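Please arrange chain B on chain A, whose structure you already have, making use of the hints.
Listed below, chain by chain, are the residues.
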Amino acid sequence: MNRNKLLYSGAIILAVTLIAALLVALVLFSIGASPLATYKTILTGPLSDLFGVTEVLVRSVPLMLVALGIAISFRSGILNIGAEGQIQMGVIASTAMALAMPHAPKAILLPATLLAGALAGALWGGVAGWLKAKLQVNEILSTVMLNYIAAQVYTFLLRGPMLDPNELETGSGTPQSMRLPELAFLDTIIPGTRIHMGFIVALVAALLVWMLLWKTTLGYRMRTAGAGAKAARYAGVPVERYLIVAMLMAGGFAGLAGAVEVSGVHHRAIEGISSGYGFAGIVVALFGMLHPGGIIPSSIFFGILLIGADMTQRSASVPANMVLVLQGVIILSIVSAQSFLRNPYAQERFFRWFARFSPSAPKAGKGAQS
Amino acid sequence: MSAGLMLYNVLCLAVPFSVALLLAALGENFNQRAGVFNLGCDGIMCMGAFLGFMVPFAMKATPWAAYGNFLGLGAAMAVGAAMGIVFALVTVTFRASQGIAGIGLQMLGWGLAGTLFRHFVGGVTGVEGMAAIAIPGLSKIPFLGGVLFNHNALTYTALLLVPACWFLLYKTPWGLKVRAVGTHPRAADTMGIRVDLIRYQALMLGGAMAGLAGAYLSLCQAKMFSDDLVAGRGFIAVALVYFGRWSPLGILGGALLFSIAQSFQLSMQVWGIKFPYEFAVMLPYVLVIVVLALARKARQLGPTDLGKPYNREMRF
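As they're listed, the protein sequences go chains A and B.
In terms of our numbering, the first sequence opens at residue 795 and continues consecutively.
In terms of our numbering, the second sequence opens at residue 16 and continues consecutively.
Derived from the structure by calculation, the hints contain no laboratory data.
Computed from a predicted model, the values in this text were never measured in an experiment.
Be aware that one or more of the hints could be misleading.
[What the hints assert, rightly or not] DSS-like, lysine-lysine: derived pairs with alpha carbons at most 27 Å apart:
| id | chain 1 | residue 1 | chain 2 | residue 2 |
| --- | --- | --- | --- | --- |
| 1 | B | K323 | A | K1024 |
| 2 | B | K323 | A | K928 |
| 3 | B | K312 | A | K928 |
| 4 | B | K186 | B | K323 |
| 5 | A | K1024 | A | K928 |
[Unchecked claim] Just the calculated beta-carbon pair ranges, DEER-fashion:
| id | chain 1 | residue 1 | chain 2 | residue 2 | range |
| --- | --- | --- | --- | --- | --- |
| 6 | A | K834 | B | Q284 | 47 to 53 Å |
| 7 | A | R1035 | B | G160 | 55 to 61 Å |
| 8 | A | R973 | B | Y23 | 49 to 55 Å |
| 9 | A | L820 | B | L212 | 26 to 32 Å |
| 10 | B | G141 | A | Y1014 | 56 to 62 Å |
| 11 | B | A276 | A | L917 | 25 to 31 Å |
| 12 | B | Y171 | A | T838 | 54 to 60 Å |
| 13 | A | L917 | B | Q284 | 28 to 34 Å |
| 14 | A | P959 | B | F290 | 22 to 28 Å |
| 15 | A | T838 | B | A80 | 44 to 50 Å |
Heads up, the beta-carbon is just placed ideally off N, CA and C, and yes, glycines get one too.
Isolated chain A (complex conformation):
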């Protein structure tokens, strides 16, 4: 990457960030909150003490896992919007698995719990992959619909078959499952905080995804299928099969995220356990440039945003839905920025425009061929 290209990328990213921040500030202003104070609370509030930092990491675990799965699917050319449903399926299956064998030793119970979650998520995602590969059903629509279906299945199970018998006795009727046996818990890393071994699991998963996508034949073929289905088919890659594989993996990671949330944080299936991780994961994956090396920092950054947004809800009375606005603006900004970064003509035009203002600027056209 030469100097011109770097300058151009920097300018685009800076401009897009500013525009996005201004748009969100406009919304904040219209609901009577001070944009600067809100931004300050969101970005610095969560990091003010050790507990805050560990909470950020706790949030980053499901985000990282979900985003890794989404990166696999996006790289393979299938847009998985269904992580939210896949997480819920993972929560259900892992809870059921842990409750089914409460007396098993930890060495069996914990892996079985996590695996059950991943499998359930994979199956739920695989449905969309199969529909896309065999019946050409648009994967965005099918995964969105599967989200709504999963949400209903989840509510049905939590209020019916999986409801904690205690809730019926005490009559409080909170829709939640029984508490998991302690042997199915992911251990806490730092006593007194909630940061758990799931963080290590997520980091290992990031390494595995990187190895899969860039160091194996399977990953190479998947990326080929995603980069150009026609060319891949011509080269003998069975694109349809890899679409299904990609969705199985994407769903698997989302399901694992659900299992890790149950086993590491909540220790039972509760309502609203996913709280939008499935959608935030899309933003995390895009923000991390669909690369594990980018997804790790970006998931931590969004962990800060999510906790910070919770804080502003309490201190500055900014509704929690504001996170969705932020995410929407970030997605639109990222996809817009990407199209500028990939367009050599736009770069050339930028330098021509740039040259008009400063005679010392690099000559127009030099960066176009990079």
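Only chain B this time, still in chain A's reference frame:
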């Protein structure tokens, strides 16, 4: 209860239920015919639903309260058109990936509607909404009168929009341009049609109709607003366009099929047939997947350049 009365009850509910889907899908049809796949439809409906509710709600105590509903509908259409322009800017001018951008717009609309609602209204409040207008004479026809001619003004408008959209799409120069731009933009460009401009116009029109659809939900159907009022109807509308094979009449059929399924499910609960509520709610979403799987052959009838950004500078 006789079978005829049951059918009557189901159909009486089905027609008003279909309106939101119909309006949004007719609008989305213009987007897709022009080659742009707008998944942000759901987010636009959320904002439309919010403004359609908010304007009459805010005007309740003013002397102009009588115009509240119409101003609400107008505001919903305006915000829909504005969001259509935003989407056009991102996908037509910047040529970003339409699928992801649509999800971004959906989150933005959904989040923004919820945020503004919590700030300006807070709790659950109803509005008077739009009253039904029985068409004199026609509404007295047995059976058909109740099913077709005893609804609010927006329902009639939506039904009349089906032939109007057909006319606009197939019998006017603008409609021809829209179809050309979605089928072969390079040929259209060569003929002097401004591809980007037509796509902007189609997205504005589609956005305005999605906004109107949202306003129908809050102002006429629920007579209130909540975060999950739209509940994925925007996505169902997008699916209906596939199902309706990109023709207004087909879309009407699809919208009616969905609303009949929905009102049948509601009626079953009224009749005391017991099954878990959650499965009933799930039904339309399952139906979408089934419908999309069955409609796969229809894809060949769709606009060939659907989802592809057009760049006249690229040589292939």
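Practice task
Could you check the structure against the hints above and give me the numbers of any it violates, in ascending order?
Solution key: none
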